[in-house]
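Undergrad: Quick note, the sequence shown lines up with residues 683 to 756 if you use our numbering.
Take the hints with a grain of salt, since some may be wrong.
[Claimed, not checked] Simulated pairs of lysine-lysine, DSS-like, Cα-Cα distance not exceeding 30 Å:
id: 1; residue 1: Lys707; residue 2: Lys697
id: 2; residue 1: Lys735; residue 2: Lys708
id: 3; residue 1: Lys740; residue 2: Lys754
id: 4; residue 1: Lys735; residue 2: Lys711
id: 5; residue 1: Lys712; residue 2: Lys735
id: 6; residue 1: Lys735; residue 2: Lys714
id: 7; residue 1: Lys711; residue 2: Lys697
id: 8; residue 1: Lys712; residue 2: Lys751
id: 9; residue 1: Lys697; residue 2: Lys712
id: 10; residue 1: Lys747; residue 2: Lys706
id: 11; residue 1: Lys740; residue 2: Lys711
id: 12; residue 1: Lys740; residue 2: Lys751
id: 13; residue 1: Lys708; residue 2: Lys747
[To be verified] Pairwise CB distance ranges (calculated):
id: 14; residue 1: Leu755; residue 2: Thr705; range: 45 to 55 Å
id: 15; residue 1: Leu692; residue 2: Lys754; range: 40 to 50 Å
id: 16; residue 1: Lys711; residue 2: Lys735; range: 43 to 53 Å
id: 17; residue 1: Gln688; residue 2: Met736; range: 50 to 60 Å
id: 18; residue 1: Gln756; residue 2: Val715; range: 49 to 59 Å
id: 19; residue 1: Lys711; residue 2: Ala741; range: 40 to 50 Å
id: 20; residue 1: Ala686; residue 2: Glu743; range: 46 to 56 Å
id: 21; residue 1: Trp731; residue 2: Asn687; range: 51 to 61 Å
id: 22; residue 1: Leu699; residue 2: Lys754; range: 30 to 40 Å
id: 23; residue 1: Lys754; residue 2: Val729; range: 26 to 36 Å
Read the hints as simulated data drawn from the structure, not as lab findings. Beta carbons are placed, not taken as given, at the ideal position from N, Cα and C, and that holds for glycine.
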Amino acid sequence: HHLANQNELLTSENKGLRDALTTKKKHNKKGKVLDLQQRQEYHSGAVFWSPRKMAEGKARERTNKRLAKEEKLQ
683 HHLANQNELL TSENKGLRDA LTTKKKHNKK GKVLDLQQRQ EYHSGAVFWS PRKMAEGKAR
743 ERTNKRLAKE EKLQ
């Protein structure tokens, strides 16, 4: 009876710690800035980007990651 209670408490504590760790990992993720500013004229205040420019920036980021990964493997 005592071992069953202790097991239940430890299982509950373990689950709580795992949930806390998952939450902490989610908070530690920092967003990356997409390289959307191709020309110097944009280096000023707030700029709004079209969905097309966002897609181009994300595609460029994926290409850069793939090239870096291939370079690392060689």
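Undergrad: Output the numbers, in ascending order, of every earlier hint that fails for this structure.
TA: Hints 14, 16, 18, 19 not satisfied by this model.
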